[in-house]
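Please build the complete structure, drawing on both the sequences and the hints.
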Amino acid sequence: MPQGELTTRIKVLATAGVMLALLLAALDQTIVGTALPRIVAELNGLDRYSWLITGYLVASTVVVPIAGKLGDLFGRKPFIIAGMIGFVAASALCGLSQDMNQLIVLRILQGLFGGTLFASAFTVLGDIYTPAERARIQGLFGAVFGLSSIVGPVVGGFLTDNLGWRWVFYVNLPVGLLGVLVVAAYLPFVRTRASWRDIDVVGSATLAAGLIPMLIALSVAKDQGWTSFEVLGLLAFGAAMLIAFFMIEQRVKEPIVPFTLFKNRAFAVSVLVGFFAALGMFGMIIFVPLETQGVLGVSVTNSGLLLTPMMLGLIVSSVLTGQLIPRIKHYHYLGTIGLGLVMIGLYLIAQTTTSTTQS
Numbered sequence: 001m002p003q004g005e006l007t008t009r010i011k012v013l014a015t016a017g018v019m020l021a022l023l024l025a026a027l028d029q030t031i032v033g034t035a036l037p038r039i040v041a042e043l044n045g046l047d048r049y050s051w052l053i054t055g056y057l058v059a060s061t062v063v064v065p066i067a068g069k070l071g072d073l074f075g076r077k078p079f080i081i082a083g084m085i086g087f088v089a090a091s092a093l094c095g096l097s098q099d100m101n102q103l104i105v106l107r108i109l110q111g112l113f114g115g116t117l118f119a120s121a122f123t124v125l126g127d128i129y130t131p132a133e134r135a136r137i138q139g140l141f142g143a144v145f146g147l148s149s150i151v152g153p154v155v156g157g158f159l160t161d162n163l164g165w166r167w168v169f170y171v172n173l174p175v176g177l178l179g180v181l182v183v184a185a186y187l188p189f190v191r192t193r194a195s196w197r198d199i200d201v202v203g204s205a206t207l208a209a210g211l212i213p214m215l216i217a218l219s220v221a222k223d224q225g226w227t228s229f230e231v232l233g234l235l236a237f238g239a240a241m242l243i244a245f246f247m248i249e250q251r252v253k254e255p256i257v258p259f260t261l262f263k264n265r266a267f268a269v270s271v272l273v274g275f276f277a278a279l280g281m282f283g284m285i286i287f288v289p290l291e292t293q294g295v296l297g298v299s300v301t302n303s304g305l306l307l308t309p310m311m312l313g314l315i316v317s318s319v320l321t322g323q324l325i326p327r328i329k330h331y332h333y334l335g336t337i338g339l340g341l342v343m344i345g346l347y348l349i350a351q352t353t354t355s356t357t358q359s
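Heads up: the sequence shown at position 21 corresponds to 21 in my numbering, and the numbers run straight through without jumps.
Calculated directly from the structure, the hints in this document are not laboratory data. Where a beta carbon is used, it is the ideal one built from N, C-alpha and C, also for glycine. Only true hints are included.
DEER-style ranges, computed between Cβ atoms: (1) A240 with L73: 22 to 32 Å; (2) L279 with V319: 16 to 26 Å; (3) G345 with R251: 38 to 48 Å; (4) A16 with F229: 50 to 60 Å; (5) D223 with L177: 38 to 48 Å; (6) L272 with L46: 27 to 37 Å.
Below, the structure is given as structure tokens:
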């Protein structure tokens, strides 16, 4: 159905369904963070603490460009629905885990479906809204991400303290099931003429073969050492595969990553700024709860509350930026200001010590 034929009611309901999908994936990344110290204590897995995050992020990182391209070829609605169903199922299984190895494997599975949701949720806006409308809606999507970031740590801490850490996974079930129903009913399915022969299988394989060893190397470097044979070998192999991926993408008809986009300076800079901003934000979401609970002796609930100011700023800035971009000429200054504020915040957090108070 063309954008012009969609009624306001359909647009609103379809957007609400997609926002639920985004909320589902974003909520998990923040709600689990505050529960991680309790999880590793109960399952005796402190030595594998980082893998509960790394496993999820490796799987999500690998699948995002692949799922995004498949959505371009075959329509995004099936991938959003499949992503939500799979994510809900993986969440239920995570809650039933009996040891760290089980939970790590299931977090990897959860990451595959979470990456599918992220890849589809933002790109599906093109099926619903005109280019002029998208900046405003993207601001709302950013606010949903910020809302999940506020609710996640607080709810995660409350559930862990009162019901147990398994409920940080079970809470995904009602949100996901509601999202499936809304998306299935109201999100338009934009058909394409693509076939399975258009899938870049070799490119997908080389991308996975490049990202996985590099991300694993970054994860184990703190234990093995940056100059160890294992780390250097993984980095070298990953780099070789990514170079091969770049060369393959120049020749295929439907590349997973159209590198020609990076010739647009605004696009390239936006990706770079987003990378560094996310690097700092997710680092705080993951490690601030570990420090506050393990070093400062703060309760799980209160450690979640300590992240609230950052998340409130994220919501306000997302909505405000979405409204300002269509209205100001030199909108690129917004990114410069935002990245500068992130750097200041990270520097201040790095100054915390064992004598730092919660206030």
